[in-house]
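Put chains B, C and D with the ligands on the given structure of chain A with help from the hints.
Residue numbers (the numbering used here), protein chains in the order written: chain A, 1 to 382; chain B, 1 to 382; chain C, 1 to 144; chain D, 1 to 144.
For the record, the hints were derived by calculation from the structure and aren't laboratory data.
C-beta atoms are modelled at their ideal positions from N, C-alpha and C, and glycine is treated no differently.
Warning: the hint list may mix true and false statements.
[Claimed, not checked] Below, computed lysine to any residue pairings styled on SDA-like, alpha-carbon distance capped at 25 Å: (1) C:Lys127 x C:Glu82; (2) A:Lys379 x C:Lys123; (3) A:Lys216 x A:His92; (4) B:Lys2 x D:Ser6; (5) B:Lys2 x A:Gln23; (6) B:Lys29 x A:Leu20; (7) D:Lys123 x D:Lys89.
[Said to hold, decoys possible] Across the chosen pairs, the derived CB separations fall in these ranges: (8) A:Ser271 x C:Met14: 54 to 62 Å; (9) B:Leu20 x D:Thr87: 55 to 63 Å; (10) B:Lys169 x D:Phe132: 52 to 60 Å; (11) A:Gly59 x B:Asp325: 31 to 39 Å; (12) B:Glu362 x D:Ala90: 34 to 42 Å; (13) C:Ala90 x A:Gln369: 29 to 37 Å; (14) C:Ser6 x A:Ser271: 48 to 56 Å; (15) B:Gln131 x C:Lys133: 57 to 65 Å; (16) A:Lys219 x B:Glu362: 46 to 54 Å; (17) B:Asp325 x D:Thr124: 33 to 41 Å; (18) B:Asp28 x A:Glu87: 43 to 51 Å; (19) D:His15 x A:Gln254: 27 to 35 Å.
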Amino acid sequence: MKKIYLDNAATTPAHPDVVLAMQPYFSDKFGNPSSIHAFGQETRSAVEAAREKVARLIGSSVEEVVFTSGGTESDNFALEGVAFANEGKGKHIVTSKIEHHAVLECCEFLKKRGFEITYLPVDQYGLVDPQQVKKAITDQTILVSIMHANNEIGTVEPIAEIAKIVKEKGVYFHTDAVQTTGHLPIDVKELGVDLLSLSAHKFYGPKGVGALYIKKGAKLVSFLHGGGQERGRRASTENVPGIVGLGAACALAQVSKVAPLRDKLMQGILSRIPETRLNGHPTLRLPNNLNVSIKYVEGESLLLNLDLQGIAASTGSACTSGSLDPSHVLLAIGLPHEEAHGSLRFTLGQATTEEDIDYVLEALPPIVQKLRSMSPLYKGAK
Amino acid sequence: MKKIYLDNAATTPAHPDVVLAMQPYFSDKFGNPSSIHAFGQETRSAVEAAREKVARLIGSSVEEVVFTSGGTESDNFALEGVAFANEGKGKHIVTSKIEHHAVLECCEFLKKRGFEITYLPVDQYGLVDPQQVKKAITDQTILVSIMHANNEIGTVEPIAEIAKIVKEKGVYFHTDAVQTTGHLPIDVKELGVDLLSLSAHKFYGPKGVGALYIKKGAKLVSFLHGGGQERGRRASTENVPGIVGLGAACALAQVSKVAPLRDKLMQGILSRIPETRLNGHPTLRLPNNLNVSIKYVEGESLLLNLDLQGIAASTGSACTSGSLDPSHVLLAIGLPHEEAHGSLRFTLGQATTEEDIDYVLEALPPIVQKLRSMSPLYKGAK
Amino acid sequence: MAQPYSDKVMDHFMHPRNVGEMENPDGVGKVGNPICGDIMEMYIKVKDNTIVDAKFKTFGCGAAIATSSMATELVKGKPIEEALKLTNKAVAEALGGLPAVKMHCSVLAEEAFKAAVNDYLIKTTGKGLPDFKPHDEPLTEHGH
Amino acid sequence: MAQPYSDKVMDHFMHPRNVGEMENPDGVGKVGNPICGDIMEMYIKVKDNTIVDAKFKTFGCGAAIATSSMATELVKGKPIEEALKLTNKAVAEALGGLPAVKMHCSVLAEEAFKAAVNDYLIKTTGKGLPDFKPHDEPLTEHGH
Ligand SMILES: Cc1ncc(COP(=O)(O)O)c(C=O)c1O
Ligand SMILES: Cc1ncc(COP(=O)(O)O)c(C=O)c1O
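Bound conformation, chain A alone (with noise of 0.2 Å):
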């Protein structure tokens, strides 16, 4: 059967050459960087050699960068880490109500510790407004977390705009570019955040590494304590292999290309099936998502009768998470309940070809019609 795989806003195949590059640190090279000793030295070079990569991708200094198990430390770690570390000048996070529940939870374990959260509202596209991040920050408010895109519906976030007024209030801003980095262009200069969370298997480097941009002169506690690792930032024997992949990574990361098969994708299921919308921003968003309602059908069904025909992809279905709320990011866009139920998700990669869209295209609209035929909210439709 032929195996369709456009769900690569949840994870990607690790590139052949990060594997490649990954392959010697196992069990050939696989002294502690820590140690003195050559078998140390080696692998402390390799891991400062992905350093260097990882600066280089995001526009940072080597020591700005700190290697993390992947996107959810990074968020943990940037959001305790002020935390912790700047409650004496106050105890404010101002934060979205889209952000990934890496962010999300982080804070609600927070406010548990005393902390105070505004989840800011998006628009309809799932913007957030700068001016509303303004009238948010007060004088207790020592961060700010928004993220670079959102990973359900696409959009992409005025991080630059919001960071510069974060900035003038001498606040600290992160910005969650899990889905972003390796995607997109990425200064964190340019950009002006004080903290940058990114994960590789976002972007064809292996799963369970991920690194923390911090911004010279940061206050942050450390998340993991324990040994000095990473300049006393993170505790750990360092992944060397994970490490060394995330580097292969980011050294082969290329902008996106895949916006015109999306825009083929979006073009086709909107015209082809009735009662279908797009969510997220038409413009402003990921160039691989593709972020769609489908009416009076549930997720869950979609997928399994999509993965039957050998198409993987992605939903906000609460069926899904083993939760019953459907997708927290969808309902702050304003959908109702059943349409949040029955959204479907696209993410396109480096493999995607033209001939994918269209056996999608071919297969979506029976499988559409059939669950709409048995379905109870159809016929008030009709």
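Same frame as chain A, but now just chains B, C and D with the ligands:
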């Protein structure tokens, strides 16, 4: 040049079968285990199969195993997880002076956040006295954390005995088994612990992955906040290749058989080099660990000389860690500072041969002699 | 977390039995709500106190569709009294088991059927099932 | 964290110049302490206000040994006044640089030499170097 690796407590090479097992999960079977489609389901199965292997190695049920990014995260998760979930009951934690920094530094973090920490002393062999644990527990105590075996001097603590006392008091008990897992038989039920940390790269698994055993019913808050992975206990996209590698390492694990070689090395050093002595317990110690004090010389200069002859070892000396303090463990067992600075740790592995030991026994005495001849401390002893 | 379904669930999901509306049903049950993402409607035809036909329409996940399908199969041809013994567990078992997070779908299926019987009883006897209270208010249309 | 040394450091570490005690030195400087793990002793011979010979003994890491060696090399043959211009940075530079965490070793080497000059001046003139105060109390023997 001959290369002899005797720093297996720092890290081990991944076993070739471990790397082989991981291989398919980088680029081929790469789906996100949380995804409902076929790409996700195949990695989900791989993760669950690995979980079973970990559970089998430590005698737990599968639901009690949570994957982490390594020993440090497991330790931090255990300590902060219990602390923040149970602070309503009390804010007192008991640990020892010879724990790994992953435990000690995490305790210091918790101390800053209002917890009280008791650091128990150890005897000259590095043993914690179970009766002292008993005395240290107050009605405010919520957690006791004592390591299974010490990473520097190899002393194996009487965990089962301590656990009995701790559990009688109704307090959570955590053990850092990073140095014993995969080397000594481990059974969480026999040990009687609530929480146990392990790290793959210490027993021929890959770096950057570990696990925390969490006894059913134990009340813990998450350490990494975010998505619902690991049944809500640890957020972040699973490091599938790493987890598969950890599983493979668990399946391959064999009780260490290197004690005779270690003993040969010990006797050789103690008999050939005057004014040396064994650190740690003579019998209650890790089979692969030898830690000796070599009077009048400093550890790093020993290491550098050994390294130039292809021998990789370790030291508790200040100079390798970037801090000026010598090993807290060696000080805790009562060594004077200059001896703590002059200790050497050899940790053997599956690949260690008798020739390796002979080579070290040839190489070390002249090195010591040369350094002693430069040492201003040595003249006093002549 | 994704949970793989049994072959039976997948069969009933891909080839649901008794799907569709019924002309002039004797009883209609509507349960679920759009917030949790599952809406079921069940229709029954009754003759001589026996469920002679059952049909359903469902908006929901794979398990919701499969449990609806299985529930209609299990009640068809049974006397009402016997059919009312249908439990959600029986539905789940008949499907070869359901992932834990999906058990609520089997509850919905049981309730949809009971709501249909309740509707039939009210129409025919003026009195519904004793102790009948579905978890969620039955729904009719809602504005799109 | 391990820090690789330059080739020059490794050369002076493996082949230290001027190592050993000196018979009847004109000045002796002892600095460092066992807590931080570095102890240096420096011995000088002075003739016509010139350092005609310098030797050292060091307990310490690679950088401690290499900086001791380099410091003795740098002061040998120089008039005292000129030799006193020796800074720790000069020692480190002459070694092709030191890792940041090891700079304190070069400070020790500078101080060991100055302590030796101080000792010489006290012995010969009854007055030591103005402003001389090493970071740590000089050490003699301590009990093993
Ligand atoms: C926007 C965003 N932030 C954070 C994460 C978490 O990254 P990871 O799964 O590598 O921990 C993800 C993906 O899962 C993401 O899409
Ligand atoms: C006893 C002990 N605990 C914890 C750790 C930390 O493990 P990791 O480096 O995998 O984070 C180590 C090793 O570094 C260790 O030896």
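Could you check the hint for me, namely that aspartate 28 of chain B and glutamate 87 of chain A are 43 to 51 Å apart, CB to CB?
-> holds (46 Å)
Below or equal to 25 Å on CA atoms is what counts here, so check lysine 2 of chain B against glutamine 23 of chain A.
-> holds (23 Å)
Taking the beta carbons of glutamine 131 of chain B and lysine 133 of chain C, is their distance inside 57 to 65 Å?
-> holds (60 Å)
Regarding the pair lysine 123 of chain D and lysine 89 of chain D, is the alpha-carbon distance no greater than 25 Å?
-> violated (29 Å)
Taking 54 to 62 Å as the hint, is the beta-carbon distance of serine 271 of chain A and methionine 14 of chain C inside that range?
-> violated (27 Å)
Is the distance from the Cβ of lysine 169 of chain B to the Cβ of phenylalanine 132 of chain D consistent with 52 to 60 Å?
-> holds (58 Å)
Regarding glutamate 362 of chain B and alanine 90 of chain D, is the given constraint of 34 to 42 Å on their beta-carbon distance met?
-> The hint (34 to 42 Å, Cβ to Cβ) holds, given that glutamate 362 of chain B and alanine 90 of chain D are roughly 40 Å apart.
For the pair supplied as a hint, lysine 379 of chain A and lysine 123 of chain C, confirm whether the alpha-carbon distance does not exceed 25 Å.
-> Cα-Cα ~24 Å, so holds.
Within 25 Å, alpha carbon to alpha carbon, are lysine 29 of chain B and leucine 20 of chain A?
-> holds (16 Å)
Going straight from one Cα to the other, do lysine 2 of chain B and serine 6 of chain D come out at no more than 25 Å?
-> holds (23 Å)
Just tell me: holds or violated, for the beta carbon distance of lysine 219 of chain A and glutamate 362 of chain B against 46 to 54 Å?
-> With Cβ atoms ~52 Å apart, the hint holds.
Check the following: the C-beta atoms of leucine 20 of chain B and threonine 87 of chain D are separated by a distance inside 55 to 63 Å.
-> At roughly 56 Å between Cβ atoms, threonine 87 of chain D and leucine 20 of chain B fall inside 55 to 63 Å, so the hint holds.
Comparing the model with each earlier hint shows violations of hints 7, 8, 14 and 19; every other hint is respected.
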